[in-house]
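**Q** Position chain B against the provided structure of chain A, taking the given hints into account.
Read top to bottom, the protein sequences are chains A and B.
So our numbering is basically just the index in the first sequence, starting at one, shifted up by 4.
So our numbering is basically just the index in the second sequence, starting at one, shifted up by 4.
Simulated from the structure, these hints should not be mistaken for laboratory data.
A few of these clues could be false.
Listed next, the stretches of chain A that the computed footprint assigns to chain B, with coverage defined by at least 3 CB atoms under 8 angstroms from CB atoms of chain B [unchecked claim]:
1) 452-463
2) 475-486
Beyond 12 angstroms from chain A on every Cβ pair, some chain B residues (computed) [stated by the list, open to error]:
3) Gln99
4) Phe115
5) Ser198
Just so you know, even glycine gets a beta-carbon here, dropped at the ideal spot from N, CA and C.
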Amino acid sequence: MADTELASSFAARPDPARGTAGCVRLSGWGIAALAIAVLVGTPVVVVGLHVLTPSGDVWRHLVETVLAEYVVNSLWLMMGVGTGVAFGGVGVAWLVTMCRFPGARLLEWALLLPMAMPAYVVAYTYTGLLDYAGPVQAALRAVFGWGSARDYWFPEIRSLGGAVWVMVMVLYPYVYMLARAAFLEQSVCVLEASRTLGRSPWQAFRQVALPLARPAIAAGVALALMETLNDFGTVHYFAVDTFTTGIYRTWLGLGQPAVAAQLGAVLMIFVLVLLLVERLSRGAGRTHHTSSRWRTLPRFRLGPGAGILALVFCGLPILLGFAVPSLALAWWSWQSGAETLFTADFLRLVRNSFVLAAAAAVTAVLVAVLLGYAQRLDPSWMNRGAVRLASLGYAVPGSVIAVGTLMTLGVVNTLSGVLLIGSVGALVYAYLVRFLAVSFNAVEASLGKVTASIEAASRTLGKGAWATLRLVHVPIIRGSLLSASLLVFVDVMKELPATLIMRPFNFDTLAVRTFSLASDERLADAAAPALAIVLVGLAPVILLSRAIARSRPGGGE
Amino acid sequence: MIDDMDQTCPAGLYLDGIFHAYDGKPVVRGVTVAVPPGQMVCLLGPSGCGKTTTLRIAAGLERSSRGRVTLNCQLVSGDGVHLPPEARNVGFLFQDYALFPHLNVAANVAFGLDRLGRGERSRRVDEMLRQVGMDSYADSWPHQLSGGQQQRVALARALAPKPRLMLLDEPFSGLDKRLRDQVRDQTLHVLKSSGVSTLMVTHDPEEAMFMADAIALMKDGRIVQFGSPEELYLRPATPFVASFFGEVNLIPVQVGGGMVQTPFGPLAAPGLEDGQAAELLIRPEGLALRPDPQGTAEVLAARMLGRVSLIHLRVGGLHLHARVPGHFMPAEGTRLAAELDASQAHVYPAEAGKA
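This is chain B alone, in the form it adopts within the complex:
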């Protein structure tokens, strides 16, 4: 078994069949995910899906009830082994940053560096603070810093001991929208340039797509789909995945002859049986509109949302939303021709919608 593991074990972080329960209530139910060296993987999902617990298990802050955690081929948890967090050499970036309030910025960053000599330690602190652009704040206290500055100090502190793995728990959720984009961008570059493997937790699909090489979408303690951001967006495995990445129009349909009939013409329904009830999911940006007095779509309302315009349509008794780039504001009651981009439409068996 050990030999077997040596051959198959991937470098980086490998979570294998992780289970966890709080007070008898299961939160993580068989999660398997790998973070290859130097890659950034996101655990994405709604709140309560078990993503943070999975992250804490990787850090050693929780002990999983079943499953194994290996880090660079070293078993750190499972089979009766449990390495405490302080022995794992992982960096953890907390949602609330968790800076030590009784230590100044430099001392916070130096906290994990006591194996280094005095001179080397202060060099490393300077280097890390420079990297995150906080070198002029070395003597400041945490309470004097803004949220974004605290986040950067926390990042420097976690990276300073050169961890084998970085774990990020919703690291940007405490920041306001404008600052978030900037800090996110900077964090991505700092992490990429340090070359550390990273597992990040977020509930924001846009953030996951911005940061991740691969995304594991979780629901109810299980991974629903694992893949690159494009894969999840363009080829969602279930209606849940499709709707998690943005608004969708849901239309109940019937399968006939390997196809489903839609107001926009027939659409292939691979893998579905004839006569089966199905669901058609269409992204609002998958409908192309053009003025046409004979068109099948009638405008109910049009709203400008900034970069896109949102059009409420009635198409054959259905109420659909369409998003059109730029300014497009047809008057109420205008007739439009609607064309469907098949790559933005997905057909699923009806019962899957309830899962």
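The shape of chain A in the complex, shown without the other chains:
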């Protein structure tokens, strides 16, 4: 979701091709944009409207029994993850951007690696490693000669605390990325001014750098918390009841779609607050910098002792969030033997995941190009509103989207008799609702690279809007289109709750199979599909780290 940042920088671009205000002319493009926006925005709006619907008996029952628990668990989870990612993310960001110690350059991109791990995969892996039968406790028993669980105390991984830990491990990169960018953006002059005014490096950090970076940190924490609320696999597996598990159970277990939607609506209030925090803090961040002069950051050289400490502090999240789980997965996959990998069943999983992800990625990018170009041709309030509506889904948890999509398709079914529920098409539609913003932000940012005069040049040379899109925009932004589709592709590969709820009967993907094998306590068997997801997930991390390497203003060392 780093691309939301790109999007906001694009939005600030003054647009010379601005149309006449107040005068709305509906072009074909405008109509297409509006139609797409309504199509994509409806599921979210449908759920949102359930805040207002009168509550039935089941809802009252939920309120009396489990709702408080959902709220309390979600709040604890958010508090724990928020604190963890803030401290961890800011700490490592400060160390790698401001200090010089062995391995700092390598760490700068390696710290992103845990992003490739879906939280639920990490949860399964650590359960396999740390539960009673796992290698860690077995080794402890062997060393100390303990006989059973009663002889010693060991922290229970399948708990709220375990869930917090797992999510901090994979979500801190959001804070790390934004905080790092913020530290790099801070003009050295400000930091040096504080040093000449008698502050030590540590005081300069606390009194100047940290307050200046606070908006970016808040935005990063907000993004991490949105992912926390979206998580289903971890909390379900750890039996921590939150909204996402509640929605899943109410829909599939109790068969109460309306109540599930009401739960979803309450969850969306949480999300809305986070979105607000994110937007406001980004807005505040923009006005902060008083000096824009770049210089290579003078890094503090750490002594050998401090250097090793820094290395350990930065290396630990990579080790625990990426290296250990992926090695464990690789080991388990290896143990279960190569022959299980290339069974027809496994290949079918790969094919299903691939087809779904590719279909969603291509659709999302095509739609994003259409929306972005329509907005560019005619940036009227209506087209801008259409874009807002269409990107509503990006913060909304997958389970809520699934509920909203199914309700929308249910209405379509009653009205037209077309039954889409349970089809691959319906699933791709849900992915579009959830991930369109991801591709749109990337596409919009790259469309900004095509200057207004390049567009106008093509028009005055006799090419219409379509021909210009085809001959000028698409060739210029081809690279960004590819990375946009890659982002969606990977997000869909990892997506669990919406896929679980909406997949066609007997249609398994890598994520779904990982989930169901893990739920059956067949963790070793779940390793191969989980590893496949992680490997695919590495692709955008590599893209991001390359972008990071390029984004060093003032020239690197």
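**A** Leaving out everything else, chain B in the frame of chain A:
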């Protein structure tokens, strides 16, 4: 009305009563200007005066809220008609050249030529590149070219489809001073030899005078004065026009008996009433100086500016600047006699100075 138009419509470009607003803020307020066939007209004015918007309206890149645009007697905008830019056959030279970064030089020039056959297209590309002196760069990429080379390719690209009208938006502002003069000269000759009607936007009066057959000076969305470069320079309609074309000395004066009294003797003030407050504008080069111990002007400072010397004078309590060709450096405190060239002095009613 159609018949009427057929008789009165001028060939070339005709903008008639153009209005435009961005987000409710008016930028163009009733601009009427004609570009006769084969002529070069400049829209000149300070930034934000609406000149670029006017140009974009002529291209069809913006749609005016009121007014009509006709091109060779064809109505292209107004009265509910709006021909999109791709249907107008106009060439546009952009300030940033706007070369397509994904196409090489030859493909950029060929971009607007897809109605031609393959052989004819490549002949036309060669011809255009030769005309702008870029024929050896056909296979180069835009990012490999210097600013001046990019400008020439952009010119070739815009002229290649033989447009009915060329529109130039500050086409030289991205070039450094020395290169600018050379490219400007070449562009003028290429445009003149192709015989295309041209409307050009610039904020540089010297550039406008260098390029244009006629200049429309704009301010706040309106045309202040339209005429030949000499007319605007020698007979400026308002103090704004006079000062836009170069530094002026401004002296508040009173009208009496159809004249104003100046430190250099009386000057005719046609059209002004007696007793009215007026402003006298004198160009620094309109003061002729010669050494004279009894002279009324005292030298405060003298500076050599290259081709001219700038003399700071005190004349009867006023601080005036004079520009003298060549090297003329009287010592501080020297007395000089100053004589006014009446053709370089203009009298306006005082309130006009605030407009």
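**Q** Indicate, hint by hint, whether the structure satisfies it.
**A** Here's how the hints hold up against the structure:
no., hint, result
1, 452-463, "holds (count 7)"
2, 475-486, "holds (count 4)"
3, Gln99, "violated (7 angstroms)"
4, Phe115, "violated (5 angstroms)"
5, Ser198, "holds (16 angstroms)"
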